[in-house]
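Work the whole structure out from these sequences, hints included.
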Amino acid sequence: MRYRSQSIAYWYFAVAMCLFGLQLVFGLLSATKYLGPDPLLDFLPFDKTKAIHTNLLIVWVLTGFMGATYYVVPEESRSEIYSVKLAYAQLVTWTLMGVTAIVGYMFGWTAGNKMLEQPFPLKIVIVVVMLMFLYNILMTIKQAGRWTVTEGVLVAGLVLAALLYLPALLEYDNYTVSIFYRWWTIHLWVEGVWEMIQGGLLAYLLIRLSGADREVMEKWLYVIVGLVFLAGILGTAHHYYWVGVPQYWLPIGGFFSALEPLALLGMAMYAYFAMRRSGLSHPNSLAVHWTIGSAVFTVFGAGLLGFAHTWPSVNKWTHGTLVTAMHGHGAFYGAYAMIVMAIITYALPNLTVNRKVEGSSVGYWAFWMQVMGMFGMTLSFGTAGIGQVYLERILGLGYLDTQLKLQVHFLMLLATASVFAVGAGLFIWNFFRTPPKLAADVLVAPQHRIIPGMDDGGLVNQKQ
Amino acid sequence: MTKRQGRLFFIVCTFLSAAVFIGLTIDTHTRFAELTNEEKLTPAVISGKDIWHANNCINCHTLLGEGAYYAPDLTKITQQRGTPYLTAFLKDPSQFYSEEQHRRLMPNPNLKDAEISDVIAFLDWVSHIDNQGWPPRPIIVSGTTIPDTDIGQPAIQASVSSDPVARGEALFRSAPPACNACHSVAPGANLAGPTLAGIGARAAAIIASPDYRGSAKTPADYIRESITHPSAYLVPGPMYSANKQSFMPDNFATDLDTEQIDSLVAYMETLK
Ligand code: HEM
Ligand SMILES: [Fe+2]
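The listed protein sequences derive, respectively, from chains D and E.
Quick note: the first sequence, position 441, residue 445 per my numbering, numbers continuous.
Quick note: the second sequence, position 167, residue 471 per my numbering, numbers continuous.
Certain hints may be false.
As the list claims (entries may be wrong) - Some chain E residues flagged as far from chain D (calculated, every beta-carbon gap over 12 angstroms):
(1) P388
(2) L394
(3) Q399
(4) A470
(5) A482
(6) A496
(7) A508
(8) S513
(9) A524
(10) R528
(11) E529
(12) D554
(13) T562
(14) D566
Stated by the list, open to error - Mimicking EDC-like on lysine to aspartate or glutamate, the simulated pairs with C-alpha atoms at most 16 angstroms apart in a straight line are:
(15) D/K118 / E/D354
(16) E/K307 / D/D177
(17) E/K344 / D/D177
(18) D/K409 / E/E404
(19) E/K307 / D/E222
(20) D/K320 / E/D434
(21) E/K307 / D/D217
By construction, these hints were calculated from the structure, which means they are not laboratory data.
By construction, the Cβ of each residue, glycine as well, lies at the ideal position given by its N, Cα and C atoms.
Written out as structure tokens, the structure reads:
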């Protein structure tokens with residue numbers, strides 16, 4: 005750690021890890037309900053556990069993004085965070101909001117709009133927290149009078165993510181219009197500005213981990229984000245196929261969203277070549293695993309599995325089946341869960357005491373069990389989804405009778421999800437195994453200062 | 305390529321795509337009214353939409369294919385089930401489905417009568433949205449695959465066959481609402497409506513029984529009457545009717561012509 009205020013990141017990561025664990029509890033609970041019968045039907049039925057599951061995902065990933073930003077911005081701008089107090093106040097408000105939302109869902113306090121279930125007052129709290137966060141970050145950059153492209157992309161992604169949340173504050177009488185604008189938030193988040201955040205974090209990690217040349221990395225970062233937007237903005241149309249909008253969205257959605265995997269492939273090649281060119285010499289090879297893993301799993305979960313059902317003539321049959329769940333899991337995990345775990349793994353040796361930079365075998369078990377578990381989960385959802393499409397959509401068997409025939413896939417889902425949960429449990433346990441550095445422990449030693457002119461973040465500084 | 309060119313590429317791509325996207329969005333706004341029948345957005349429909357949200361229905365069901373995958377898609381449900389059926393179902397789903405049989409059950413949403421009628425109005429409005437003809441074939445809530453059912457056979461085109469039984473079978477799957485959304489043709493497999501296996505023989509017994517108050521004299525008459533006046537005779541069972549009104553839709557007398565009804569009757573007489 006070069007800057008005292010980077011230790012803020014630890015507490016954000018710690019909250020993110022707790023919520024991650026909780027997310028999985030509700031996920032496993034939801035999966036057992038697929039198997040049924042459900043003893044909790046009257047107290048905690050599927051709709052509640054599922055809403056809590058997805059909301060926790062979004063909240064913990066955003067908490068991770070914010071923690072990552074508090075870690076990255078001081079280094080990139082070479083300055084302490086503008087207000088440490090504000091950062092903690094923000095974290096407390098955010099966490100309280102999250103907990104209130106979950107308890108609220110249990111008791112039926114919900115806006116009932118998929119992934120935007122937060123009741124209106126909580127949506128306002130979210131906006132306020134985002135404003136606190138962005139103010140703090142932008143003031144830090146302003147005060148430092150210096151910013152890099154890497155951090156610029158990261159912060160711009162966060163600003164846009166906050167802006168795109170605003171349509172979710174409005175209500176529409178026409179259900180089709182409300183679907184239309186729901187995707188401005190959800191799709192433009194996950195296939196637009198969040199990918200920008202992922203790209204920024206990826207560039208940061210690659211520069212640190214491989215010592216790759218910053219000029220080159222940032223040039224390609226622009227190109228990749230450009231491609232993401234080129235395909236992703238009009239790609240929104242793949243959610244407009246069957247919801248009551250004009251016909252022309254069909255070919256537009258098919259064409260542009262089919263380009264999206266190319267942008268993601270570009271991102272993976274970007275990571276791979278950076279590593280190849282500059283070598284894997286960084287001692288924190290566990291962080292290298294997570295970083296490259298994220299880029300590769302994104303191509304699989306978002307690119308390949310997204311492409312599998314994005315063409316209108318395919319989507320016509322798969323729309324609204326478990327095929328969507330297959331893709332949603334692979335994509336969210338690869339792109340966003342993994343990139344947050346990458347930055348955590350990278351930062352943790354600096355944020356906690358007595359932790360070996362190269363990671364421990366627990367760390368590797370956590371990585372591989374999660375990756376294999378999630379791969380198995382996408383297979384389970386995928387096979388279930390294909391079965392559902394065939395039996396229910398093509399042959400015309402009833403929905404309920406089809407679901408009965410998918411029991412074996414649900415068992416497979418539960419088994420692979422358990423492997424995943426053990427991997428995640430190990431990651432969380434590993435996170436909390438060593439105590440955080442207190443601000444007093446942090447030595448801002450002169451040799452850690454950057455020599456002007458020499459690009460920061462090279463291996464020289466890292467290896468000591 | 306230099307970093308400046310990279311940046312330029314990023315800016316041009318972003319602004320071009322965003323401009324096209326916003327342009328199309330504006331155009332789409334001029335079409336919503338016509339595609340979604342906005343003139344039919346009555347206060348009941350809007351209140352139904354709020355009830356739909358407040359009860360988190362979307363986190364079990366899909367509507368227009370969007371939502372969760374724990375419960376059936378409801379986009380066209382009001383075209384498969386009539387209002388009396390849906391009203392009774394929403395009052396108490398456990399009267400209609402059993403958790404032992406299907407391993408899942410919809411919890412009672414505890415809605416007031418007015419809320420139920422609003423939510424049905426909302427679902428009915430949704431079912432008329434012009435959404436590119438999705439789903440490509442009807443999605444039905446329950447229906448069993450048992451040997452001797454028609455599952456897996458290609459649909460017979462009503463227009464190309466002149467055989468009344470074949471035309472009747474095709475109509476059975478498309479009416480609308482499709483009869484097979486509620487009736488199976490397999491013995492013992494009762495869905496939202498009773499199985500129609502052996503209906504001919506059963507009809508003869510019903511006509512002969514003292515409880516029968518309808519005007520049919522032959523099994524064929526009975527079947528015809530069941531289609532055109534579902535409430536003339538009620539098959540016993542709390543899931544089939546309430547207050548002397550059958551849950552079977554009563555639109556067939558007006559929506560099907562005599563020849564179509566004759567074909568249906570001819571087809572049903574063949575069911576053993
Ligand atoms: C990291 C990037 C991505 C994430 C996190 C992601 C996540 C998701 C999620 C959660 C859903 C379900 C949304 C809902 O129903 O509310 C979804 C739907 C969908 N995604 Fe993605 N996705 C990503 C990238 C992609 C890409 C690159 C493609 C196309 C190549 C794609 C194609 C689709 C399609 C077609 C659907 C709609 C399925 C349907 O409802 O019929 N996604 N995605
Ligand atoms: Fe999308």
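Going down the list of hints, with the structure as the test:
1. For E/P388, the requirement that its beta carbon stay farther than 12 angstroms from each beta carbon of chain D is met, with the minimum near 21 angstroms.
2. No beta-carbon of chain D is positioned within 12 angstroms of the beta-carbon of E/L394; the least distance is around 15 angstroms.
3. Residue-level check passed: E/Q399 sits 15 angstroms from the nearest beta carbon of chain D, beyond 12 angstroms.
4. In this structure E/A470 is separated from chain D by more than 12 angstroms, as the shortest Cβ-Cβ distance comes to about 18 angstroms.
5. For E/A482, the non-interface assignment is contradicted: its Cβ lies about 9 angstroms from the closest Cβ of chain D, within the 12 angstroms cut-off.
6. Distance check for E/A496 against chain D: the nearest CB is about 10 angstroms away, which does not clear 12 angstroms, and the non-interface claim fails.
7. Distance check on E/A508: its Cβ is at least 30 angstroms (rounded) from any Cβ of chain D, clearing the 12 angstroms threshold; non-interface status holds.
8. Once the 12 angstroms rule is applied to beta carbons, E/S513 is consistent with being away from chain D; the minimum gap is 31 angstroms.
9. Against the 12 angstroms criterion, E/A524 stays outside the reach of chain D, whose nearest CB is about 27 angstroms from its own CB.
10. Interface exclusion of E/R528 from chain D stands, the closest Cβ pair being 26 angstroms apart, more than 12 angstroms.
11. With a least beta-carbon separation of about 27 angstroms from chain D, E/E529 lies farther than 12 angstroms from that chain, consistent with its non-interface assignment.
12. The Cβ of E/D554 sits about 23 angstroms from the closest Cβ of chain D, beyond the 12 angstroms cut-off, so the non-interface label holds.
13. Every C-beta of chain D lies more than 12 angstroms from that of E/T562, the closest at about 28 angstroms, which supports listing it as non-interface.
14. The Cβ of E/D566 sits about 25 angstroms from the closest Cβ of chain D, beyond the 12 angstroms cut-off, so the non-interface label holds.
15. Restraint check: the Cα-Cα separation between D/K118 and E/D354 comes to about 14 angstroms, which is no more than 16 angstroms; the hinted pair holds.
16. Our distance criterion of 16 angstroms between C-alpha atoms is broken by E/K307 and D/D177, whose separation comes to about 47 angstroms.
17. Our distance criterion of 16 angstroms between C-alpha atoms is met by E/K344 and D/D177, whose separation comes to about 12 angstroms.
18. This hinted pair checks out: D/K409 and E/E404 have alpha carbons roughly 15 angstroms apart, not beyond 16 angstroms.
19. Restraint check: the Cα-Cα separation between E/K307 and D/E222 comes to about 7 angstroms, which is no more than 16 angstroms; the hinted pair holds.
20. Proximity of D/K320 to E/D434 is assessed by CA-CA distance (about 15 angstroms); at most 16 angstroms being required, the pair is judged to hold.
21. For the hint linking E/K307 to D/D217, the alpha-carbon distance of about 12 angstroms falls within 16 angstroms, and the restraint holds.
Hint violations for this structure: numbers 5, 6, 16, all remaining hints satisfied.
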